[in-house]
Amino acid sequence: MDLILEARNLGKRFQGLVALKHVSFGLVRGEILGLVGPNGAGKTTLINLVSGTLTPTNGDIIFEGKVLQQPTFRRARLGIARTFQITKPFSGLTVLENVAVAALFGSEGGKRNLRQAKQAAQQWLEFVGLDQRLSMRADSLGGPDRKRLELAKALAMKPKLLLLDEVMAGLNQVEIDAVITVIKKMRDQGISILIVEHVMKAIRALCDRLLVLHHGQTIALGDPSQVLNDPAVVEAYLGRKHA
Amino acid sequence: MKLLIRWSVLAAALALLIVLPWVAPATLVQFGISTLMLATLAQSWSIIGGYTGYASFGGSVFYGLGSYGTAIAMIEYHLPFGVGLILGALVAVIFAVLVGLPVLRLRGHYFAIATLALAQVVPAIVSNLEIAGRNIGLILPLLKNDALFYEAALGLLVATTISIWYISRSRFGFGLMAIRENEDAAAAMGINTTLYKTLAFAIAGFFSAMSGGIHAYWITFIEPGGEFDIGLNVKMIIMAVFGGPGSVLGPIAGAFLLSGISEILSFKISNVASLFFGFVIVIAVVLMPHGLADLWHRYKKLGLRYFSENIRENRV
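Chains as they are written, first to last, in our numbering: chain A, 1 to 243; chain B, 1001 to 1316.
Incorrect hints may have been included.
Said to hold, decoys possible - List time: in silico SDA-like cross-link candidates among lysine to any residue, alpha-carbon distance up to 20 Å:
{"hint": "1", "chain 1": "A", "residue 1": "118", "chain 2": "B", "residue 2": "1165"}
{"hint": "2", "chain 1": "B", "residue 1": "1301", "chain 2": "A", "residue 2": "6"}
{"hint": "3", "chain 1": "A", "residue 1": "158", "chain 2": "A", "residue 2": "122"}
{"hint": "4", "chain 1": "A", "residue 1": "158", "chain 2": "A", "residue 2": "182"}
{"hint": "5", "chain 1": "B", "residue 1": "1002", "chain 2": "B", "residue 2": "1018"}
{"hint": "6", "chain 1": "A", "residue 1": "111", "chain 2": "B", "residue 2": "1225"}
{"hint": "7", "chain 1": "A", "residue 1": "185", "chain 2": "A", "residue 2": "28"}
{"hint": "8", "chain 1": "A", "residue 1": "158", "chain 2": "B", "residue 2": "1165"}
{"hint": "9", "chain 1": "A", "residue 1": "201", "chain 2": "A", "residue 2": "158"}
{"hint": "10", "chain 1": "B", "residue 1": "1301", "chain 2": "A", "residue 2": "136"}
{"hint": "11", "chain 1": "B", "residue 1": "1301", "chain 2": "A", "residue 2": "135"}
{"hint": "12", "chain 1": "A", "residue 1": "158", "chain 2": "B", "residue 2": "1192"}
{"hint": "13", "chain 1": "A", "residue 1": "111", "chain 2": "B", "residue 2": "1114"}
{"hint": "14", "chain 1": "A", "residue 1": "118", "chain 2": "B", "residue 2": "1166"}
{"hint": "15", "chain 1": "A", "residue 1": "160", "chain 2": "A", "residue 2": "21"}
{"hint": "16", "chain 1": "A", "residue 1": "66", "chain 2": "A", "residue 2": "118"}
{"hint": "17", "chain 1": "A", "residue 1": "118", "chain 2": "B", "residue 2": "1171"}
{"hint": "18", "chain 1": "B", "residue 1": "1235", "chain 2": "B", "residue 2": "1184"}
{"hint": "19", "chain 1": "A", "residue 1": "118", "chain 2": "A", "residue 2": "92"}
{"hint": "20", "chain 1": "B", "residue 1": "1144", "chain 2": "B", "residue 2": "1081"}
{"hint": "21", "chain 1": "B", "residue 1": "1301", "chain 2": "A", "residue 2": "94"}
{"hint": "22", "chain 1": "A", "residue 1": "160", "chain 2": "A", "residue 2": "3"}
{"hint": "23", "chain 1": "A", "residue 1": "111", "chain 2": "B", "residue 2": "1171"}
{"hint": "24", "chain 1": "A", "residue 1": "160", "chain 2": "A", "residue 2": "187"}
{"hint": "25", "chain 1": "B", "residue 1": "1300", "chain 2": "A", "residue 2": "136"}
{"hint": "26", "chain 1": "A", "residue 1": "111", "chain 2": "B", "residue 2": "1196"}
{"hint": "27", "chain 1": "B", "residue 1": "1235", "chain 2": "B", "residue 2": "1034"}
{"hint": "28", "chain 1": "A", "residue 1": "111", "chain 2": "B", "residue 2": "1168"}
{"hint": "29", "chain 1": "A", "residue 1": "111", "chain 2": "B", "residue 2": "1170"}
{"hint": "30", "chain 1": "A", "residue 1": "184", "chain 2": "A", "residue 2": "215"}
{"hint": "31", "chain 1": "A", "residue 1": "118", "chain 2": "B", "residue 2": "1158"}
{"hint": "32", "chain 1": "A", "residue 1": "184", "chain 2": "A", "residue 2": "166"}
{"hint": "33", "chain 1": "B", "residue 1": "1300", "chain 2": "A", "residue 2": "135"}
{"hint": "34", "chain 1": "A", "residue 1": "158", "chain 2": "A", "residue 2": "137"}
{"hint": "35", "chain 1": "B", "residue 1": "1300", "chain 2": "A", "residue 2": "137"}
{"hint": "36", "chain 1": "A", "residue 1": "185", "chain 2": "A", "residue 2": "6"}
{"hint": "37", "chain 1": "A", "residue 1": "158", "chain 2": "A", "residue 2": "115"}
{"hint": "38", "chain 1": "A", "residue 1": "158", "chain 2": "B", "residue 2": "1184"}
Hints listed in this document are in silico derivations from the structure and should not be mistaken for laboratory results.
Predicted model only: the values in this text are computed from it and were never measured.
Modelling step: build the complete structure from the supplied sequences, incorporating the hints.
Written as structure tokens, this is what we have:
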């Protein structure tokens, strides 16, 4: 199997708090792997470890056969892009400029001049349905549009691996459907995706496999329909009484 | 067409500035030299404070290092002024890189405080160095040619502004702006934030130091209190912010206007001039907190409502 990303016995401790413990999994190239679990399970910590925002206490992360140890910006250049759960737009810049920055840097950094980057940015903004707001300041966007902007920025980086951290939180049904369509199109372009999500509809529609974390440990890994019916998973989400 | 008008206005303004020393009285030329230098300092500050978002209070250090570097090169090593100027600027650049690497890890207030500390410490060190004349100071060779100094200061301001114009439309400049708006997101985008911040700090240091070097030769006698004047930081920041930090021409407009107002006030009502100057600043902050550049762009669209919106935004 061609693994683009692999975690081996990954652990992260914040002083006394164990956020992740003995987590191992592989992400097959071209796959969408869902990362689910209750609040505080360690999902965002795992994303931060892969993107380089945090360094693991123990264990290794392997990307395309090599152990990841470099700082965040170098990982971005290798082709790892992420979105932030709490969106981080470049507030004072326009929507177009926000995405142009991603196109100027990212995995193809330096290949485009400013004009080409803006053209590429415009295409990605059309792709996520934000092309009506090109010259608006990013901080004047509403919540759903900010999520779209995060997606467009991640895409403009031309990633091989995309880490999506709750891009659907706070969206309504119509918007969720639109984002699901966008993510499917991304997969069709050959991007491998690790997605943290609470919206069950999206998980069912998108994920090839699911990794369930609870208190920082893996409690299930496998086919979505099986995993979601696993008593241990149901218990973690709903508590013992409902299991 | 609009672009053509804009460029011709700029060219005319520049031509006017160039011929000024041959038509204006000596006092105005001297006022012009200090204003041009302050404009260069405001522009330099705008690179690190305006584009990169790191509010530095260390500009006076670069200015002083450039000043002393030039003076020592000319006095001790009998080098020509031009060479001294470059050497002084190099000292400032090396200093910016060495100090920038640790200090630029700090964000927000902490960065400001650390650079303010530098602005206090460096002159204390310099005033104990034998080669820098301790706290007595240094005397440079006398050259009485204000027109020459004026043109040098103008040339430096033009060079600084062209650099900023180039940066503002480059990949580097967009990297800096991304760092200003959100450093974590910038790193996640593939921007080498440490390298970019240090470069911005060094470029700001380079131009500030050149300005200091010209000042040293012009003023002939330098001492630590004058060349490392902490008040300079306040001046350059107020001018840059008043004009519009992170815009190409804003800080120049801020420097010219505020220098002018300050000069007229101290001429008309000498003893309470600084009080009125403070008043002007407060009014400006309340009515146009985003600077002249923003006023220029948005007043046309909003008219007087521009001011009322800013007042509301300020919650005065």
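Problem - Index of numbered hints that the structure contradicts, given in increasing order - result: 2, 5, 6, 8, 9, 13, 15, 16, 18, 30, 31, 34, 36
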